[in-house]
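Undergrad: Next come the chains, spelled out residue by residue.
There are 2 protein chains.
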Amino acid sequence: MTKYKAVVEYDGTMYHGWQLQPGVPTIQGKLEEALYKLCGELIRVHGAGRTDAGVHALAQVAHFEATWSHTCEELQRACNALLPRDIVVRRISLAAKDFHARHSALAKVYCYRILNAPLRSCFWRNYAWHVKEALDVESMNDASQYLTGPHDFASFGSPTDGTESTVREISKALWTRDSISGLVRFTIEGSGFLRYMVRSLVGTLVMVGRKKISARHFLRILESRDRSKAGPTAPPHGLYLWKVHYPPSHESPGT
Amino acid sequence: MTKYKAVVEYDGTMYHGWQLQPGVPTIQGKLEEALYKLCGELIRVHGAGRTDAGVHALAQVAHFEATWSHTCEELQRACNALLPRDIVVRRISLAAKDFHARHSALAKVYCYRILNAPLRSCFWRNYAWHVKEALDVESMNDASQYLTGPHDFASFGSPTDGTESTVREISKALWTRDSISGLVRFTIEGSGFLRYMVRSLVGTLVMVGRKKISARHFLRILESRDRSKAGPTAPPHGLYLWKVHYPPSHESPGT
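Residue numbers (the numbering used here), protein chains in the order written: chain A, 9 to 263; chain B, 9 to 263.
Bound-form chain A, shown alone (with noise of 0.2 Å):
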């Protein structure tokens, strides 16, 4: 047996998310169907994160073992001829005896989009999220300026990882807006992520965006550590899993 690390594409539209669940379309599921029919064996693929249904995945990484006697491109084409097209496996390479897809990540990078126009767009429907009132992308930096460094998130979010710590640390959390395409954006790293907290802090971020709250009352929702002073919980479909940071003995050449 031998570990391989893949870093795996896809849109998450059509999916229950990543993890693999009796009955329904899984991005893993849709993975392990593939190295089934390659390998004849049931493989288990492991990824770094489990995004939700209708999060997207720009690279999402993933590790498994299996027995193949070919290359790792070899191994890769006839992954992506058997996945459906809206999956891509973008890079399978050798993975260290102790390298775990989770365990293993430093960071992770989560982007979400914004549509901040006033008409729905047919081509972002489903990439993301549409917003008609006028955005302040200042006022959300203001506010975002104050996710930086470790907090704890009880008020965004759950903890994933069988333990009770609500406290992450991030190291960036900035708003861009690309005023050609009425995109705005934002990018977040951080060690690790409560469930739905990248989606939370969107939701509440686009209330100081609308002026609804002050970036002052944004810090004390964070400071509360109460989920019900949150704002809504931002829809899946603006979320991506951008890139999965790991150590420089982990890091694949390329990716």
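Among the clues, some could well be false.
Put simply, identical chains are the same to the list, so a pair is met inside one copy or across any two.
[To be verified] Within a straight-line C-alpha distance of at most 25 Å, the following computed DMTMM-like cross-link-like pairs (lysine to aspartate or glutamate) qualify:
1. LYS140 to ASP94
2. LYS251 to ASP186
3. LYS11 to GLU82
4. LYS140 to GLU82
5. LYS180 to GLU41
6. LYS140 to ASP160
7. LYS237 to GLU197
8. LYS219 to GLU172
9. LYS105 to GLU172
10. LYS140 to GLU81
These aren't lab readings, by the way, just hints derived from the structure by calculation.
Knowing the structure of chain A, use the given hints to seat chain B on it.
TA: Only chain B this time, still in chain A's reference frame:
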């Protein structure tokens, strides 16, 4: 009855093209359904061009006559509330009595997108033709320069307008590459187009880009007026009706 001009954006993936056909979803059909619900009678919608199954539009133009006692903005909002998520009316304005979406058009602009990258993409799967082989955009532009001016395009399509003439006048035909996204884009503007003409030109110009034929050979195909000489027809999902130009008297402000 008032005459209206509508600018319509659509994702053509799920439709059997623009034109009404019994038993299958079409863009014209969905627009007429929405107007039927709003106005209580069958309202015929006339488009500037009949896009084929899978072809998209950023700004298809249509005209129709209706009895509607509110503003154009209210009619637009009401249509958008009834239309599916992959069709959106970008604008409705009052049209002159003699305006006709197709007959009044001076020129149409089509774009064709190619994802020129080794790997397929989840997100472009319905919106760009994936061509793995390296494309020499300079050679494609060398060949495309032969297209401008009036030419007999019999090699690249058949007439749709009821006449037998295959002469059309092209004012612009240009390839550009976005080095970040890997997208290669063809923009072609002309007074009119034959059926399959843009896709047939793209399929043949991609042969030039792949060094299968030279720009001079492309010219010989054009001059042969022989449909069997052209390359394969490019798939529909890379094609977009981008813009329709009208004389200043028929242009609505802001479109």
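Undergrad: At most 25 Å between C-alpha atoms: does LYS105 with GLU172 qualify within a copy, between copies, both, or neither?
TA: neither (29 Å within a copy, 70 Å between copies)
Undergrad: Within a copy, between copies, both or neither: which one fits LYS180 and GLU41 at a CA-CA cutoff of 25 Å?
TA: neither (36 Å within a copy, 48 Å between copies)
Undergrad: Given identical chains, is LYS140 near GLU82, meaning Cα to Cα at most 25 Å, within a copy, between copies, both, or neither?
TA: between (46 Å within a copy, 16 Å between copies)
Undergrad: Between copies, within a copy, both or neither: which fits LYS140 and ASP94 at Cα up to 25 Å?
TA: Cα proximity of LYS140 and ASP94: across copies only (18 Å, versus 28 Å in one copy).
Undergrad: Which holds for LYS140 with ASP160 at a C-alpha limit of 25 Å: within a copy, between copies, both or neither?
TA: Neither: 31 Å inside a copy, 47 Å across copies.
Undergrad: Can you tell me if LYS140 and GLU81 fall within 25 Å by alpha carbon in one copy, between copies, both or neither?
TA: Answer is between; shortest inter-copy Cα gap is 16 Å, intra-copy 45 Å.
Undergrad: My question is about LYS219 and GLU172: at a cut-off of 25 Å on alpha-carbon distance, are they close within one copy, between copies, both, or neither?
TA: neither (34 Å within a copy, 61 Å between copies)
Undergrad: Can you tell me if LYS251 and ASP186 fall within 25 Å by alpha carbon in one copy, between copies, both or neither?
TA: Both ways: LYS251 and ASP186 sit 21 Å apart in one copy and 22 Å across, limit 25 Å.
Undergrad: Tell me, please, which holds for LYS11 and GLU82 at an alpha-carbon limit of 25 Å: within, between, both or neither?
TA: within (15 Å within a copy, 60 Å between copies)
Undergrad: Checking an output row: LYS237 and GLU197, CA cutoff 25 Å. Within, between, both or neither?
TA: Result: close within a single copy only, 23 Å intra versus 54 Å inter.
Violated hints for the displayed structure, listed by number in ascending order: 5, 6, 8 and 9.
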